[in-house]
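Read top to bottom, the protein sequences are chains A and B. Counting in the numbering used here, the first sequence runs from 6 upward without gaps. Counting in the numbering used here, the second sequence runs from 6 upward without gaps.
Please keep in mind that the hints were generated in silico from the structure rather than gathered at the bench. Be aware that one or more of the hints could be misleading.
Below, a sample of chain A positions facing chain B; criterion: calculated Cβ distance under 10 angstroms [to be verified]:
id, residue
1, G124
2, L166
3, A177
4, V179
5, V188
6, L230
7, V312
Values in this document were obtained by computation on a predicted structure and should not be read as measured data. Glycine residues also receive a C-beta, built at the ideal position from the N, C-alpha and C atoms.
Letter by letter, the chains look like this.
There are 2 protein chains.
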Amino acid sequence: MSRITGQVRIVGAGLLGASIGHALVMRGVDVILHDASRANVSLAIDYGAGRAPAEGDDPSLVIVAVPPDATADVIASELAAWPNATVTDVSSVKSGILSELESLGADLTRYVGSHPLAGRERGGAISARADLFIGRPWVITGGQGKHRRLVEDLVIELEALPVTMTAQEHDASVALVSHVPQVVSSLLARRLNGASEPAVGLAGQGLRDTTRIASSNPELWVQILGANAAPIVDILKAYRADLDAVLDALERPAAPGARKVVAEVLAGGNSGVARIPGKHGQSKRFSQLVIRVDDEPGQLARLLTDVGEVGVNMEDLRLEHSPGAQFGLAEISVVPEAEARLAAELEARGWTLAGASE
Amino acid sequence: MSRITGQVRIVGAGLLGASIGHALVMRGVDVILHDASRANVSLAIDYGAGRAPAEGDDPSLVIVAVPPDATADVIASELAAWPNATVTDVSSVKSGILSELESLGADLTRYVGSHPLAGRERGGAISARADLFIGRPWVITGGQGKHRRLVEDLVIELEALPVTMTAQEHDASVALVSHVPQVVSSLLARRLNGASEPAVGLAGQGLRDTTRIASSNPELWVQILGANAAPIVDILKAYRADLDAVLDALERPAAPGARKVVAEVLAGGNSGVARIPGKHGQSKRFSQLVIRVDDEPGQLARLLTDVGEVGVNMEDLRLEHSPGAQFGLAEISVVPEAEARLAAELEARGWTLAGASE
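Excised from the complex, chain A in its bound form (with noise of 0.2 angstroms):
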């Protein structure tokens, strides 16, 4: 039985919107689904997110999840339309929508501002996915009393982990783990354009890695960033600043304290990165190990069922290129108090281990 009672209407059917319809019909929730475009409700329809609108509608919760361009508008409308119902969004910028609303108007006493920290890079109704959400943070920053209830209802029953912050902090913490490295990555692939392919052609996996997101949607990713630009405007300030210094030593590469600055910089970055939470909400960092696995059918297959039959929880699992080679690097990370025990039992069953990377 779903903690939703009453209808839920989502305007918006594209990756996120089509992903809460589908985890609500799953619950059975009578979900009604709206999008500018026809084609993409009958799609969402079709693949069973939710239902088109009907006579007599009456919903008890509104999800916006349009372009952010378009976001405060039809929370307004929405509002407007439905004057008992509680109105939230899964927009990644928060304090704009708020001052949009507050020009507007609207009535703000139903409306609860939200962001699911969810996502895939590709996007569309044919994306979507029920269990999106599950264990992702989903962010809320306002409403209150049965409003803000209903929507903490909603991220409860969706999988997510609720998480309570005010618009300014949360724009601020997207713009810093989200938004920045967007432009960050865009910027370093944008170098490679004028390259020769020989120059492209020494790849490894530290570019592949840094420009990763730079195949982003630039469509959906200027209203983004242009939405959130002041957080982001601090943090690539405070960025660039490193830049120029890391770029006046090396500019003067034997100027007194030239090397330290950069040892400075990439310190900084040693400390920065073991910050980032590891699986499961932990902040501990895991143990690697890595194993050759040769290009045969099978081979990681068995090297999987080996480390289930050791015992070990296998916290992640990475499979690196091997450019022009038949094998693979499967780099695996387990707790730090088991890393001798599985290398050794892994050994002992023929598996060829390399150093493992930090």
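Given the coordinates of chain A, work out where chain B should sit on it, guided by the hints.
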């Protein structure tokens, strides 16, 4: 039978030196190991990377694998100590080494600059593997006649892919694909130091990927960046110019053309990242399937077994974190032509597929 005739002397028993030693010992070559640190040499010898120096040694090839700061001096002294030997190095920066050697008055006819694009984040002889170089590019930047041929034989023997470049072309290339990404990633990770725990708690795969290499060893990288400063500065200046344009556009988002600037950077990121070659040296992009894998033992192994049974080759595998959740998402890359069939077969076997990432 090895292509390499005669003894090979390796100076520097760290990750690269010991790995080369391992690979040659496996092929029956008499490998002599030397390192300024007796502990390093003992460790490398214990791991089977070669033997200690002895009276009467007469190497035909000397490989210098010491940290960047010491490389030119060691090359020069080895050239002098072994008047008949070819001397090469594995340094990740080539022009600077040449300049230093010229100013030391070394005999450059027997020196062949080279650089294997291989490595792991954690160094040292303990991380060494004979197969470290398989399929990886190994750039050769100089030398002639029999000396050059001997180094080419070494590269081919270790199953790497010989790539010819001038020292300048090499340095510009590694600045682009390795050194600048390191700087960019460290600068980004540095921003996390002052962040609140709730903020870093929102971290997703995008942040993890863009900051992964920020855990690199500062002592080594200070030397690398200092040694390749000029090409790095060129690229970082272009990077900074783009960063300034984005900052400008974000600070004045209503200005005409502001959105266009940001959109162009993002689109430039798209095209740049598409230039990076994929597995087995191919430039084509693969399709991704994302499958939910519960945290129960054996689940991932069962998935891979099923993929194998379907008969589709897995080009790449990536397991994604789900903080707080008791499952992961396995992202499998396959050739586009096989995507639909594999998806259908896996779903028929009970697997839950999610929307694929780009």
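Hint check results:
{"no.": "1", "hint": "G124", "in the structure": "holds, 8 angstroms"}
{"no.": "2", "hint": "L166", "in the structure": "holds, 5 angstroms"}
{"no.": "3", "hint": "A177", "in the structure": "holds, 7 angstroms"}
{"no.": "4", "hint": "V179", "in the structure": "holds, 6 angstroms"}
{"no.": "5", "hint": "V188", "in the structure": "holds, 6 angstroms"}
{"no.": "6", "hint": "L230", "in the structure": "holds, 6 angstroms"}
{"no.": "7", "hint": "V312", "in the structure": "holds, 8 angstroms"}
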